[in-house]
Structure formats: C-alpha cells, structure tokens
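Number of protein chains: 2
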Amino acid sequence: MARDRNVRNDRRARNAGLKQLPWRRVTNPYKPIEVLSEDQVEAIHNASLRILEDIGMDFMHPEAKEILAREGVTITPGTDRVKLDRGLILEKIKTVRPLIPLHARNPAHDLLLGGNNINFCTVASAPNASDLDGGRRPGNYADYQNFLRLAQSFNVIHMTGGYPVEPTDLPAATRHLDCLAAMVTLTDKAFHAYALGRTRILDALEIVRIGRGISKAQLAREPSLFTIVNTNSPLKLDGPMIEGLIEMARMNQIVVITPFTLSGAMAPASLAGALALQNAEALAGIAFTQMVNPGSPVMYGGFTSNVDMKSGAPAFGTPEYTRAALAGGQLTRRYGVPYRSSNASASNAVDAQAAYESEMSVWGATMGHCNMMMHGAGWMEGGLVASFEKFIVDVEILQGMAEFLQPLKIDEAELAHEAIREVGPGGHFFGVGHTLERYETAFYAPILSDWRNFENWQLAGGEDATQRANKIFKQVLADYQAPPLDPAQAEELAAFVARRKEEGGAPSN
Amino acid sequence: MARDRNVRNDRRARNAGLKQLPWRRVTNPYKPIEVLSEDQVEAIHNASLRILEDIGMDFMHPEAKEILAREGVTITPGTDRVKLDRGLILEKIKTVRPLIPLHARNPAHDLLLGGNNINFCTVASAPNASDLDGGRRPGNYADYQNFLRLAQSFNVIHMTGGYPVEPTDLPAATRHLDCLAAMVTLTDKAFHAYALGRTRILDALEIVRIGRGISKAQLAREPSLFTIVNTNSPLKLDGPMIEGLIEMARMNQIVVITPFTLSGAMAPASLAGALALQNAEALAGIAFTQMVNPGSPVMYGGFTSNVDMKSGAPAFGTPEYTRAALAGGQLTRRYGVPYRSSNASASNAVDAQAAYESEMSVWGATMGHCNMMMHGAGWMEGGLVASFEKFIVDVEILQGMAEFLQPLKIDEAELAHEAIREVGPGGHFFGVGHTLERYETAFYAPILSDWRNFENWQLAGGEDATQRANKIFKQVLADYQAPPLDPAQAEELAAFVARRKEEGGAPSN
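The listed protein sequences derive, respectively, from chains B and X. Counting along the first sequence from 1, when you hit position 225 you're at 225 in my numbering, and nothing is skipped either side. Counting along the second sequence from 1, when you hit position 72 you're at 72 in my numbering, and nothing is skipped either side.
In short, the hints are calculated from the structure, not lab data. There's no promise every hint is true.
What the hints assert, rightly or not - Subject to a maximum C-alpha distance of 20 Å in a straight line, what follows is the list of computed SDA-like cross-link-like pairs (lysine to any residue):
1. X:Lys83 - X:Lys236
2. X:Lys83 - X:Val292
3. B:Lys310 - X:Ser37
4. B:Lys31 - X:Lys83
5. X:Lys310 - B:Glu38
6. X:Lys236 - B:Leu18
7. X:Lys310 - B:Arg70
8. X:Lys409 - B:Glu38
9. X:Lys310 - B:Lys31
10. B:Lys31 - X:Val41
11. X:Lys409 - B:Arg50
12. X:Lys31 - B:Glu38
13. X:Lys310 - B:Pro29
14. X:Lys409 - B:Gln40
15. B:Lys310 - X:Asn456
16. X:Lys19 - B:Ala313
17. B:Lys31 - X:Pro32
18. B:Lys94 - B:Arg70
19. B:Lys31 - X:Ser37
20. X:Lys83 - X:Pro101
21. X:Lys310 - B:Glu437
22. B:Lys310 - X:Glu455
23. X:Lys31 - B:Phe430
Sequences and hints are given; from them, build the entire structure.
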C-alpha cells in the first residue's frame, strides 16, 4: 500500500512539466581531494585535543554538567567550564556510527548518511526571503511553505532545511508546531527540526512519529529526525542546544555538531587555528552525544570560513572555505564519523558571484565527501536570505554535480568503433544509429542553462539565468502537488498541534 | 639590466590601483581527480590505436604524406588517408618531453608546461567582442589591443591567447603582422600565434625572435612560441595546420594537438567514444610532430564536450565536459605529455550560468592537472564572444583557484593555541595580536566579490558582479602601462612588419 503510493508519487513527479533528474541516492565514486598530509591531520587532531584539555569548553546547562561529572570530568566550581581529557574524548567517540539511515515519511525517500553517500538539503534558517517580483522581505509562512513545495518538487533535493526561511509572522512559541505540521503535509522527504530547547524537540519527535505513522519504539529504533547543534564558537555550547541534543541523542535521532568557526572572528585568523578549534568543538560535542547515549547517531559539521579582514564581514565560497571543507572531510574520516558541509555564498544578488562562490563551496563539500550538504539550494548573503531564484540556480549546480558523480561507462558499445568507421574522416555523427540510440539519454539535460545561439536567445527576450530562474520556480510552484497523507494521520497531526497550541507551545529560551 | 627592468615592472604592477595576487608560477599540489580506472584508461588507449590502425586519418598535405611515407606508413593511393600502426605511434611518442619551458619576452614571465605546473591563458580566437557599454560587435583591432592590455595587467594571466578577439577590421593577409607586433609592444608575457599556413608561422617566429632580442639559434634552443593545432574531427588534419605544425616542430617550438571532439556532432554521442576519438587524433598528431623533429615540444589538448541533443547546439561546462577534462588528464599522464584544457561556457550573458559553467570547466581542467588552461578569461557563447566583463569574472575565478592551490600551512603559530587561550570561551579574535599580525595576509582578497551587507551594498548602488566587472576592466585599462621595450628592438620590429606588409603578407589559405 505504502509502496503503491510511492510509485504513484514518483510517476507524478516524473510527469510534471519540468524535465529533471530522477530521484536517486547520490554517491561519490571518486577519491576525496586531500589538502592535508597525514602528518597535518595529526597535528590538527593533537592541537584540538590540547585545546579541550588545556583551555576547556563551556557546557551551559546543569544537566550537561551532571552527565559530564558522571564521566569523571572536572568542572571548575561555579562555572560551566569543563576540561576534557584526550583519553576520555577518544574513548567516547569509539561508539560513533559510520553509516546512519535517515528515515523519511516516504520510504522511497529514506537517506543514508556516511560512506560515499552525498545528500543535498535546501537552504535553512534564513531570516529573509527574496525573489525578483517581491524583492527582499522578512521571512513569512507563505514563503516558508513555498520553499517546502520546491524541496518536494525537485528530485535532487533530499531534505528540507528546517525552516528554509524563518516564518517571522508566526508567534515564536507555536511557530515550530505550524511549521512541522506543514513539513509533514507538503513534503514526504526527511525531517529536519531545530534543537531550540527541550519542548520544541519533543514536539518535533512526536510530529515525526505521527507523520511516519509509527510507534514511539519504532521511532527510537529508526533515526527519522535530523538536527543541527551549533556550538557558540569559541568553545561554548548553550543551554537550549544542549537540551535539544540530549533529547535527540536519547531518542536515537541524528545530531550534527557544527561549530561556526569563522576565521578572524569567532576563530583564529589562520585556517590551521580555525580548523583546530572546529575540531575541538566538534569532538567535544560528538563525545558528549555518546555520553548521553552510546551509539546514538551523530555527524561532524564543518562550517569554517573566513571574514573580510578589512570590514569583518563574513565571506563564503572563498578559497579558504574550499580548503577548510576538504580538510574537514579528512578529519571526519580519521574518526569514522559522517560529515556535514554546506553550499554557501555571500553575494547580495543572484549573479555571477553567487554562482562562483556556490561552486567553490559545492566542490569543496563534494570532494571532501560530505554526506549532507546543508544550504544546498537557495542560500544567499551568508545565510541572511533564502532566494527563490538562487534555489533554481543551485538546483542546476547540484544536478550538474550529481551527474558529474555518475561513473563513465566504458565498453565496446560506448567506445563506438563501428560508428566512427561508419562516419569516417570528415563525416558527422548527427544522423547515425549510434547517436539516434542515445538521443534521449546521452547527456545531462539542464533545467536552467540556455544553450541557444545569441540571436535566438536575444529574439526570445535575452533573459539571463536569474530571470529564467524566476519563471522556473513559479512554474514549479504552479505544478506542485502535495504528496498523499493518510487521513487518519492528518487528523492525529491536527489534533496534536491544536492541543499543543492550547498548552501555549514552547517557552521562550 | 633586464633583471632591473623586470623588478621595476613588477613594482609598477603591484602599485597599480587594483589589489591583486602577485605574479607567480602556479602549481597544483593535490592529486588529480581520476574518473577512469586504470583498466578504463587502457580500454580508451586501445580503442584509439584501433581507430588509427583500422580506420585511419586524413593528413591533407603532400609534405605530411612524404614525412609519413619515410616512416613506412602506407597511404591509400590518390587520397590523404593514412593508417597508422600502433607500434609506430607508440615508438614515436617515446621522444615527447614531459616538461617544456616556454620563454617570454620578460624572463620573469617564463613558464613551465608539464608536471604539476598550471598556467592560465586568456580567451582566444573569438570572432566577436562584448561589453555592457558597446554591446556585442564584430572583433576589431581596438578591442584586440585592450584584451592584450588586460592580459598584461593581471598577474594571474600567464599568456595571451593569440587573438583574444579576431580583429576582423584588419586585412586578412597582414593581420597577423599587426597583431604580433602589438603583442610584442603591449605585453611581455609568453607568445601565442596561429598555425594558419607556413608564412604566418615563419613571420611569427621572426617577430618572437626580435621581441626577445635573441638569435635564431637561441630561439631554436628555447621554445618561445606556442600554437594550437586543431584536428578537423573526425580524423582529418588540414593543410594550413600541417604547414604550421611542421615549421613549429622544426624550430623546436610548442605545438598543442587539440582535437575538437564535440560528442554528438564531430564525435560519437558517448563520452567513451568521444574520448577514444580525441585520443586517436591527439596521438596521431603528437607522433607526427616527433616524426618531423624528435624531441620537439608538444602538448596533448583535450577539448571534448557535448552538444544539446535537441538542437545540436554545443554545450560547455557540462558534467560531461568536466569528466572529459579529468579523463583527458589521465590519458596524458599515461603518455607523459603535457596537457592543455580550457575554461569554457556556452552562456550568452555574463550571469550565473556563465559562472557555474566556467567553474565546472575550471575544476575539471585544474583537477585534471592541465598545464595550460586556454580561454581562461573572457570566453563566452562557446567561443563566439570575448567579453570584457567575463574576463574580470574569470580573473576572480582563476585567482580563487590559484589561491585554493596554495598548500595550507600547519605549524605551531598557525595552530594558534595561545591565541585561543587568550580569547577563551565566548571571546572574539578581532583585536588579538595573532589576528593583527595576519591582518594583511591571512585571507584571499577578491577583486570582484562584494561582501558588504545588503544595506550598504544597496546604498552604494546595488550593482551585481557584471556591473562591477564593467567598472573594473575600464579602470584597469585606464591604469595600464606598456612594458618597456628596447628602442632598437622596437625599430627592428617596425622595419620587419613594414617590409612584410610591402611583400603582401600571407597568402590566403
């Protein structure tokens, strides 16, 4: 029954107006690019352990300090400061899982995190939305839902990034309830929620359980919710994040420890120092998840970039970012922990800068063998804007990368000796059988790139990629169809949301 | 004396308005990305030799056929068709040189082709020029000279691509004389000329000799001229190209054999087939240069891309292009021959498409370990346009790549333990000594990217990357200063050009 439903969904997606790549698990068959020697990896590893032993980290929640104390960790009295012995860190991270399943509402959309699997997520957490028609505006619920519809519509998108845009028009205490209910209704892909305190994460877990139509016991067996835990760099982990982390780890759900180590601001003005700090905070957070629940699924998040030293403005998609994304991959492989990276750009417009910065990020993330690429589509202005046109540009970039990762087929038929003989010197391959057999499938067909010659392109209006992207996202929204949801589940979901709203939602942090 | 002059030039370049990367030899310290297994490389190798043995290739010039006949090659009577035995090909390519110096007018701008050296060339051979002010127009001598000035001004550009734009307002018979004289006068970087018949290449060799101020014997010892020999795919090499190839090889100058194997048009509609054809034509051309003059410097040019199967339009910067560029690198390393690839895009506008297609090309070319990246800056519309704004976008892309290729420094000072301790959990690195010491040098400073926040960017006019590029190229042209040229050399050059113009220049081919 669920299977039939999925087949119908897939057929519907295929038959929509847009010709896109089919849904598939994307794997990276190529060796990662290594920017560090083995000795350099060890030097960063050792530097990070020295930071944790010698300087320590603030865990700003009493429950965290209790958990750490049970492990024999010394806490400076009257403070949140804990110094973490390297022996303890290395012992605790032994239970991390190298390969994590992430169950989606639709089983056809289940993901694997780890190994050479790469998954693409939308933009997450932008406070503003933007498109050419409406301009730049504070995030709102209507835009939020439209980004969910785009996430559902594009097969290359594997997961929605929590709030692609923050719906600031909804009350803060109940925003997560409306948004998670919309996520269950508008998409059937993997779930992502925010670790902003205990209540929100417990609500999210219940909504995911209802959305999947499973028991609490099954949910605890099957990782079905994904959350990012950002450290407050340098060397702090705040209370709401800790609460979310603890509940997620206890319920065997996926926690991604992501230090925000912006070199020159929250991290040293040297990539080596920023990577050492990133690694220290990531190891501390990862080890902590294993103290809460050994074997609970956890990922290493790398987000090291740099600031513009003249202005202090954050920069993304820089050469430093690319090297940090690749170095981060080397560190995660040393520990056998799945890796999260990002597609990032600081551009204010959907222009050449947006595209070259995103490409620099995507190449670093991909060839660093990240398993989840956050902010894969739509991220602008260093995260301040979710752009509808940038979403389409990024989908094209991600489709291109997914296709690049398809191994070349080299066999007698593909080597085409007989076709080359048939055509002969000076001939043309357009009409021959070998070409006609491959007419539909030979090459990647883009959704955005325009390959017409200049005259035809100009006659058709001479629209640049951003103007074309504007039309594409509107067409995809017009064609959107919600994935089916069992009426009983929809009813249970509505009842839960109504009850929790009556109870007042979540306390402010 | 020459040394002093170069120091002055470098100082002048540094002091110009634009803050850019210094001139340097760029090397790629990372392992190439391999998209083919060893077995797949062998399969393409064998398929290409089978093509040459079994189908053969047309060498459309009597002198070529004489040279081939001396090697015992059988030529089908009354035709240009030669079938090339694999034993002969493999024997002849044994004398190729893995590392070739390319001498420039300014010795500080000498290049190395081979190994892990990567060099960036401007756009070459576009029939049209374009900028935002003047729009798209047929190539002309004024635009040609301006591209030369940009090539000279940007340190990341190692060579000018022959005619960055074709000066169609100059008479065809003497165009090469004016253009090469301008190249000597406006730049002091490496020389690139076209193998369009014997006369033009002999003129180019003489102008290069005068420009470098050396004897003919020294020129023959020191490769100082670079030319591309395109095969007429499939499997033809035309007369003018053959004449140029022969004269260049005889004079120990650099020939780059570049098949134009557009998959689905001039090559099979399968990447494997296109690569086999590319490899066949490249090997045939390379072996031929070694028949003309064993040990003469030769490079393997890869230019395999694909067409849009719906329209037949050529496409560039596609996932297929990237994989072909990487596979091409693997083939060249099998033969130990230096590798040429390209930065290519099919976009009609300097927009997001232009940037993401160029990035896909540049990543393929770079991680395929190409030694010369043709069309590095300014190439648009699949080669039909040289764009001034795209030139600036590409310079930013190339600078980013050059910086990405700088190995990370990992030592005690960079790991920044004391700075992290000084700042402590929750602190900020902006004011600390470790940051201040690195204020000028910590990170790549872009020429084009705008990292201001949205409000400041909008207040300053809200210009996108293409509009900013327009201002930058005009400023660089305004700041341009010609590199010094010895008056005696200038006089000799003028006399040679005048004499050759009186003689009528080159015959039409």
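Hint-by-hint comparison with the structure:
1. X:Lys83 - X:Lys236: The hint holds at about 12 Å.
2. X:Lys83 - X:Val292: Satisfied, since the Cα-Cα distance of roughly 18 Å is no more than 20 Å.
3. B:Lys310 - X:Ser37: violated, 46 Å
4. B:Lys31 - X:Lys83: Violated: B:Lys31 and X:Lys83 sit about 39 Å apart, past 20 Å.
5. X:Lys310 - B:Glu38: The given pair, whose Cα atoms are some 48 Å apart, is violated under the 20 Å limit.
6. X:Lys236 - B:Leu18: violated, 40 Å
7. X:Lys310 - B:Arg70: Violated. X:Lys310 to B:Arg70 sits at ~66 Å, over the 20 Å cutoff.
8. X:Lys409 - B:Glu38: holds, 13 Å
9. X:Lys310 - B:Lys31: Judged against 20 Å, a Cα distance of about 34 Å means the pair is violated.
10. B:Lys31 - X:Val41: holds, 17 Å
11. X:Lys409 - B:Arg50: holds, 19 Å
12. X:Lys31 - B:Glu38: holds, 14 Å
13. X:Lys310 - B:Pro29: violated, 29 Å
14. X:Lys409 - B:Gln40: holds, 9 Å
15. B:Lys310 - X:Asn456: Answer holds: B:Lys310 to X:Asn456 is near 15 Å, not above 20 Å.
16. X:Lys19 - B:Ala313: holds, 18 Å
17. B:Lys31 - X:Pro32: holds, 9 Å
18. B:Lys94 - B:Arg70: Given pair B:Lys94, B:Arg70 holds - Cα atoms ~18 Å apart, limit 20 Å.
19. B:Lys31 - X:Ser37: Holds - the C-alpha atoms of X:Ser37 and B:Lys31 are around 11 Å apart, at most 20 Å.
20. X:Lys83 - X:Pro101: Given pair X:Lys83, X:Pro101 is violated - Cα atoms ~33 Å apart, limit 20 Å.
21. X:Lys310 - B:Glu437: holds, 14 Å
22. B:Lys310 - X:Glu455: holds, 17 Å
23. X:Lys31 - B:Phe430: violated, 37 Å
The structure does not agree with the numbered hints 3, 4, 5, 6, 7, 9, 13, 20, 23 stated previously, though it agrees with the rest.
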